[in-house]
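> These are the residues of each chain, in order.
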Amino acid sequence: MIPPAFEYARPAGVDEAVRTLACAGEEAKVLAGGQSLLPLLRLRLAFPELVVDVGRIPELRGVREDGDTLVIGALTTHHAVLHDPLVRRHAGLLAAATATVADPAVRHLGTLGGSLAHADPAGDLPAVALALDAELVVAGPRGRRTVAAREFFVDYLQSALTPDELLVEVRVPKTDGWGFHYEKFHRVAQAWAIVGVAALVRRDDGHLAEARVALANMGSTPLRATATEEALTGADGPGAVARAAERAAEGTRPARDVSASPEYREHLARVLTRRAVLTAGEMG
Amino acid sequence: MTGQAVEREVGRPRLRKEDARLITGQTNWTDNIQVAGLTHLAILRSPMAHARLTRVDVSPALRRPGVLAAFSGADLAEGLGSLPCAWPVTEDIVLPDHPPIAVDEVRYAGDPVALVVARDRYAAADALEAIEVDYDPLPPVLDLETALAPDAPLVHADKGTNRCYTWPLVTGETFEAVRDRAEVILKRRYHQQRLIPNAMEPRSVVVTPLAASGEYTVYSATQIPHILRIMLSMVTGVPEHKLRVIAPDVGGGFGSKLQVYGEEALTLAVARKLGRPVKWTESRSEGALATHHGRGMIQDVEIAATGEGRLLGLKVDLLADMGAYLMLVTPGIPILGAFMYPAIYKMDAYAFHCTGVFTTRTPTDAYRGAGRPEATFAIERIMDELAAELGLDPIELRRRNWIRHEEFPYTGIAGLTYDSGDYEAATDKALALFGYDDLRAEQRERNRRGDRVRLGIGVSTYTEMCGLAPSRVLRDLRYAAGGWEAASIRMLPTGKVEVVTGTSPHGQGHETCWSQIAADVLGVPFEDVEVLHGDTKAAPQGMDTYGSRSLAVGGEAVHRAARTVVEKARKVAAHLLEASEQDLEFSGGVFSVKGSPEARRTIQEIAFETFTNHDLPDGIEPTINAEHVVDPENFSYPHGTHLCAVEVDTETGRTRIRSYVCVDDVGRAVNPMIVEGQVHGGLAQGIAQALYEEAVYDDEGNLVTGTLADYLVPSAADLPDFVTDRTETPATSNALGVKGVGEAGTIASTPAVVNAVVDALRPLGVHDVRMPCTPERVWRAVKEASA
Chain A
1 MIPPAFEYAR PAGVDEAVRT LACAGEEAKV LAGGQSLLPL LRLRLAFPEL VVDVGRIPEL
61 RGVREDGDTL VIGALTTHHA VLHDPLVRRH AGLLAAATAT VADPAVRHLG TLGGSLAHAD
121 PAGDLPAVAL ALDAELVVAG PRGRRTVAAR EFFVDYLQSA LTPDELLVEV RVPKTDGWGF
181 HYEKFHRVAQ AWAIVGVAAL VRRDDGHLAE ARVALANMGS TPLRATATEE ALTGADGPGA
241 VARAAERAAE GTRPARDVSA SPEYREHLAR VLTRRAVLTA GEMG
Chain B
1001 MTGQAVEREV GRPRLRKEDA RLITGQTNWT DNIQVAGLTH LAILRSPMAH ARLTRVDVSP
1061 ALRRPGVLAA FSGADLAEGL GSLPCAWPVT EDIVLPDHPP IAVDEVRYAG DPVALVVARD
1121 RYAAADALEA IEVDYDPLPP VLDLETALAP DAPLVHADKG TNRCYTWPLV TGETFEAVRD
1181 RAEVILKRRY HQQRLIPNAM EPRSVVVTPL AASGEYTVYS ATQIPHILRI MLSMVTGVPE
1241 HKLRVIAPDV GGGFGSKLQV YGEEALTLAV ARKLGRPVKW TESRSEGALA THHGRGMIQD
1301 VEIAATGEGR LLGLKVDLLA DMGAYLMLVT PGIPILGAFM YPAIYKMDAY AFHCTGVFTT
1361 RTPTDAYRGA GRPEATFAIE RIMDELAAEL GLDPIELRRR NWIRHEEFPY TGIAGLTYDS
1421 GDYEAATDKA LALFGYDDLR AEQRERNRRG DRVRLGIGVS TYTEMCGLAP SRVLRDLRYA
1481 AGGWEAASIR MLPTGKVEVV TGTSPHGQGH ETCWSQIAAD VLGVPFEDVE VLHGDTKAAP
1541 QGMDTYGSRS LAVGGEAVHR AARTVVEKAR KVAAHLLEAS EQDLEFSGGV FSVKGSPEAR
1601 RTIQEIAFET FTNHDLPDGI EPTINAEHVV DPENFSYPHG THLCAVEVDT ETGRTRIRSY
1661 VCVDDVGRAV NPMIVEGQVH GGLAQGIAQA LYEEAVYDDE GNLVTGTLAD YLVPSAADLP
1721 DFVTDRTETP ATSNALGVKG VGEAGTIAST PAVVNAVVDA LRPLGVHDVR MPCTPERVWR
1781 AVKEASA
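Residue numbers (this note's numbering), protein chains in the order written: chain A, 1 to 284; chain B, 1001 to 1787.
None of these hints come from the bench; they were simulated from the model.
Quick caveat: nothing in here was measured; it's all calculated off a predicted structure.
Glycine residues also receive a C-beta, built at the ideal position from the N, C-alpha and C atoms.
Worth double-checking, as some hints may not be accurate.
[Said to hold, decoys possible] Quick list of the computed label-pair ranges, beta carbon to beta carbon:
no.	chain 1	residue 1	chain 2	residue 2	range
1	B	1310	A	261	37 to 45 Å
2	A	258	B	1024	32 to 40 Å
3	A	88	B	1438	33 to 41 Å
4	B	1767	A	257	26 to 34 Å
5	A	257	B	1438	34 to 42 Å
[Unchecked claim] Calculated pairs, DMTMM-like style, for lysine to aspartate or glutamate (alpha carbon to alpha carbon, straight line, at most 25 Å):
no.	chain 1	residue 1	chain 2	residue 2
6	B	1783	A	263
7	B	1496	B	1598
8	B	1783	A	250
9	B	1783	A	246
10	B	1783	A	266
11	B	1783	A	257
12	A	29	B	1129
One chain only, chain A, in its complex shape (with noise of 0.2 Å):
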């Protein structure tokens, strides 16, 4: 568990981050709270050149509201986002998502921003951001750039931020008034998901008038269940959600290994999508 050599930078604000990563260009990783990069230098997973600590910039840190928009700076702990008052007011699935990340420890080291970066498909947040239809906004050589979270999950372990460009805030839209759900089936309390499944719903005069379905883990990236979508909108019961459940697992391609097979997970995803909409819908 010793990691391999590598160069430190501790930049001392945005701008001066974005130039260390550009100067350094493909061998330079971002270190935040380091709950993923580090286990990945200590297996030797990981060989970058250099490391570059955005852990010491204040102003990535905290949550501020603008307009209809949450804006959560990238820096900011799991324990400070699920403790935030205007997260669990405007973004109570974010709130409730972030509870079941890992144990205490890690929530107050890990961060939301690096969580999403490190864009691997069974974390919880990358499905929740794009559960809430999140932005997420980039700073690069060339300036700020937001990407839409459907847009930001590229492919396993792989977002779409360039190796100069620094993941800075999450805009997050405001849910109130939605029913929300996160409904995460793990082996160990500290283990990541098998499945996880996160669902928004906002209900009108008794039926559901929209449904967002996130999954995680059913893929290389967090993917949205649109079949179960559409079918949901309209639902007016029990009956009618079960029937979209039982689509969540089309269009997702889960991996096998060591704690489940695919087979297993489109069956978890079926289930745990119905649960996590009827409770969401507060229709169980």
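Following the hints, put chain B in place on chain A, whose structure we already have.
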């Protein structure tokens, strides 16, 4: 004896005196040890399960910065003997050569291939990547059954077979005879998955040489400093009297540090070669590969009974995975289980055969319970199956077969004489705490309405043999060492007491318990007692800690040594008080003359009088120190009843333990708080085998679960609140009446949990779920049963 010790300490739930330093880390774990000029050893390990080494070139590593030396196996072969196996269970056992570092062939993924010594551990780890090795792949040997086929590829080609040994134990009538008159015969196959011990503290070794005198101090995170000293001397050729072995505070073992490891020999060999102190500490993932594993067996079990459920006989055929090499007690582990399959039940026939099989996997050896959990699992699982087959309540089936309390001492079919026990009392207490009848009623109701979440109840009425122990029995089992334990007591001139023990604690709380025992016998304050252990210079004689032996054997030795101190002090007291020994009373640490209570001396005052020796007559030795070596006549036999209720979600396959009740009888409890802690930890480990842990290999023989992200050790968050209680039936094989508690929870809990899972699903047609009962396995079992 005139005068009794006042027992104020034994039985008292004291907080542990060692915890302040252990919990705060204000102590020397081996990896904390720093000495001037320390160098660091790193080990390159085979990435292949089986291959010939055609080239190992360490020279590129030597050119890396900070590197002091690098070695291949061939470089070190001359000075290093084979690692020892101290338990050759049969005369014709196959004993392969086991070099501490591979010379021409690697036989498991993780086998050491080359070494680097550098100024710091970072330089050492980096330099490993420069070493060039060519592997010529050989076929892996992974399946226990096909490994025994005549044309199977061989782990040790020179031995001509993968069969290590076959060991039988056949007693009573023949199984065939009782099978003929049986009305019910059940045959089951159970799989004991491999487990990775995962002690909290990784293994670590520091060796400091004293060049002038040719002496070496070996610090190791080991359970067995005394055995290690002897064995390291034999492997490396360093004379025993020039070796000092210290086990500093050690953070857990569970059997995994009951071992003489290649890394210990290699660190010593390298320190000797370089004349410099050397440290090696394993990483977690290195430990997963190279620290021995536990379990790894296929059990074919057949049970014969009458229609009323009286057991007639039991037949057990075992295939035991030795792994690639035989380590310290590898072959003996299944043999420890051989005596436990009949458990607490009476029967007429018992036939046991175990075949040890070599595979190209990490060697196996003792892991908490060592053979007994496997045996207990098989008998308790098949008892629940038999109850279901007969339509009997599983408790009732056990009542019809167990040894009744008035029948003790009882010699069972496997030849063990159980000295004491009361299975009825423990079971009745457990049933009441559990609310057995109410849970059965709820179960019926859920089954009736076809609930998606089923309730299951699992029973385990276990016993075990521990307190290893009788040297004559160990001789009959071809175990190389004895089973005694040593203790000595030093009465310091100021009245303080040093208890020196040959046991070697690694988390158990010996310092507290041994202090309680000595304080009671000597009548001195608990705080006045210090316990010394784990250093062959301070505690020269010992057989160390494993097999729940420390209290029943080592604690008994402390007890007897303390009693000898009192008897020696009595002679001095008689002289000082000008009374005859018969006229002295001893109570609460004070000798007094019967009838004249003002004439008194405390034992602590007597310690000072013997130190000054100004006034002792000829013939009285000026010391009241004493030592004792105990070799008990029998093992001890803890027992108990464990009841587990689970809720199984038949849709996802997830098992949730709803309640867990255990009533254990570990004899007298010296410290009930420590007993409870041991039970809690044991339960967690047994539940882990039932539901979570498994060392998984792929088809090439690579360990897939090599990190704690894939090998799932449950934490407190995953475990229920345990309800624990005790009955106390004193053991008769030692004066303290203690039995041992280190392994009981692990032995009992695994079958209780799996029985509960199967019990929940039996109405759906499920009869078994392979361990660990993962959600996917449960889901598949339900799916297949309903198909």
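> Which constraints among the numbered hints does this structure fail? Numbers only, ascending.
Violated hints: none at all, because every hint is consistent with the structure.
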